[in-house]
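Undergrad: What follows is each chain in one-letter form.
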Amino acid sequence: MNNNKTEEQMLTTEEIAQIEHEISLVPQKKAACIEALKVVQQHRGWVSDESLKDTATMLGMSAEELDSVATFYNLIFRQPVGRHVILLCDSISCWVMGYEQIRDHLMQKLQIKYGETTPDGRFTLLPNVCLGTCDRAPALMIDDHLYQNVTIEELDGILHHHR
Amino acid sequence: MERPLTKHIRPDREPLSLQEYERVGGYQAVRKALQELSPEAVVALVKDSNLRGRGGAGFNTGLKWSFVPMGPDVPRPKYLVANADEMEPGTFKDRMLLEGNPHQLIEGMIVASYAIGADISYVFLRWAYKKAAQGIVRAIQEAYAAGYLGQNILGSGFSLEMHLHTGVGRYMCGEETALLNALEGKRAMPRAKPPFPQVSGLYGKPTIVNNVETLCCLPHIVNNGPEWFKGLSRTQDAGTKIYGVSGKVKRPGAWELPMGVTIRELVEEYAGGMLDGYKFKGALPGGASTDFLVEQHLDTPMDYTSIAAAGSRMGTGTMIILDDQTCPVGFVHNLQHFFAQESCGFCTPCREGLPWVEKVLLSIDRGEGRPEDMNILDFHTKYLGPGNTFCALAPGAMEPLQSALKYFREDFERHIHDHQCPWK
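As you go down the protein sequences, you meet chains A and B in turn. If you read the first sequence in our numbering, its first letter stands for residue 1, the second for the next number, and so on. If you read the second sequence in our numbering, its first letter stands for residue 1, the second for the next number, and so on.
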């Protein structure tokens with residue numbers, strides 16, 4: 001871990017203001033911790049050790065305690081991710097409807113496995129639990145966009161939307 | 001056929017604005033409850049309606065509320081939480097209500113909050129429901145502006161705050177005490193019961209957690225009465241139910257129907273039957289954590305009582321179909337992978353047992369299974385069953401496994417005997 005903080009690593013005034021706002025909404029500082037992690041991730045794409053420490057200080061928690069929360073949840077990223085995160089549903093209805101072909105095609109096309117990022121930093125591929133759209137399986141999300149009834153033929157077009 | 005919960009939801013699910021909702025009778029139940037009925041009368045009404053929790057457990061909603069301490073000297077603030085963390089694999093019913101008509105949920109939450117004397121309410125929404133989040137944020141703002149939320153609602157003296165919380169993804173958040181921990185900014189681990197949340201919930205204060213569909217029933221019960229609500233059903237369990245079907249059927253989807261339509265009607269009529277070339281082999285009637293039902297159960301009414309009598313659970317009422325060309329071992333392996341991944345790790349049987357089950361199923365699926373693996377699976381269904389774990393996650397995981405071992409045992413044994421998956 002790098003102990004020399006650079007400006008880039010420190011929480012920005014905007015992040016601090018947003019976290020303080022979240023703290024003002026809850027009866028105990030700590031209760032804002034998930035929201036605070038979301039703020040950091042929204043600005044940086046992921047939560048680095050440095051940001052985690054700074055955020056923990058704001059919340060009156062130890063970095064370890066905050067990390068125990070951060071690592072518990074599937075969608076707080078403690079490693080850098082690409083500009084776009086592909087969340088591929090791997091739960092039962094999508095499995096029945098053949099999501100594995102979509103997975104294999106994505107891995108082949110992007111030349112990455114689950115948890116990896118393309119060398120150009122464009123995509124990270126992650127499996128995700130049921131996206132709650134089982135009548136339109138298989139499904140995936142890229143960032144905030146939900147794609148349903150996905151076919152291999154459509155995949156290239158879908159990826160093209162996310163530069 | 002009456003469809004009170006969904007009749008105003010548009011096919012594209014563009015949410016109803018406040019004005020649109022009011023035009024079709026929206027917020028009349030809030031007026032009636034707050035201006036004409038006492039909180040006790042609302043609890044009695046809901047108890048009489050026999051509304052049972054739509055999240056999966058099926059507990060009588062009015063009875064659940066009746067354990068909340070009432071009167072001037074009780075701990076405050078009291079909380080009401082809408083469980084909108086729909087994450088049970090195969091379940092997509094609350095999404096429709098959340099996206100299509102957020103005001104109906106808000107109205108139900110106000111009614112519930114009034115009944116239990118809650119001061120603060122939360123919608124706990126799963127992260128993936130982006131469209132729903134936008135609609136709920138707007139609807140809460142509109143409801144505040146119209147005086148349905150905030151101080152002294154409609155001059156009744158009753159006040160209520162409402163907030164949206166979006167989770168960051170973990171199946172455990174659906175369990176009500178784990179959900180409360182998540183709301184407090186902690187890991188979503190379940191809490192010991194007792195004390196029950198009704199007495200000691202969010203921040204140790206009296207709290208009710210109700211499912212979205214349950215809450216959406218409330219305005220209609222207040223407006224039309226318990227007898228009307230019971231009359232919507234074909235069977236002893238009251239109301240309508242949002243059922244869903246996914247898998248290899250012609251028209252997968254979700255529909256609000258009278259409680260007690262049969263599995264056959266859902267599969268053959270509403271879902272249009274199996275895709276050409278596929279046969280029905282079995283179904284999980286209410287999400288990943290319910291026991292398989294098979295062909296002999298097709299005429300079972302989909303209600304809490306009848307599905308329980310058939311050996312399964314109604315769960316969320318959204319059915320996942322297993323067809324004849326899909327391997328039951330692979331199917332159950334997929335489910336156990338999910339449960340093993342989503343176990344919070346707090347108690348040993350669940351943390352250690354589920355990955356073991358997952359591994360055994362994977363080796364059977366690959367043709368590497370041994371005859372003794374069947375015993376390993378069998379004993380896990382007992383040791384991870386009810387009473388042996390801290391919460392209901394592992395017992396829920398064992399339901400599809402134990403019933404698959406019962407109904408599809410030959411398929412498991414063929415994998416082991418032939419050293420390969422017959423479906424590959």
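Incorrect hints may have been included.
[Claimed, not checked] Which chain B residues face chain A? A few, computed with CB under 7 angstroms, are given here:
hint: 1; residue: 89
hint: 2; residue: 144
hint: 3; residue: 185
hint: 4; residue: 187
hint: 5; residue: 246
[Unchecked claim] Simulated restraints on C-beta separations:
hint: 6; chain 1: A; residue 1: 108; chain 2: B; residue 2: 367; range: 20 to 26 angstroms
hint: 7; chain 1: A; residue 1: 114; chain 2: B; residue 2: 13; range: 29 to 35 angstroms
hint: 8; chain 1: B; residue 1: 195; chain 2: A; residue 2: 114; range: 39 to 45 angstroms
hint: 9; chain 1: A; residue 1: 152; chain 2: B; residue 2: 130; range: 22 to 28 angstroms
What the hints contain is simulated information worked out from the structure, not anything from laboratory work. Where is the CB? At the ideal position from N, CA and C, for every residue including glycine.
Undergrad: Could you work out which earlier hints the structure fails to respect and list their numbers in ascending sequence?
TA: Failing hint: just 2.
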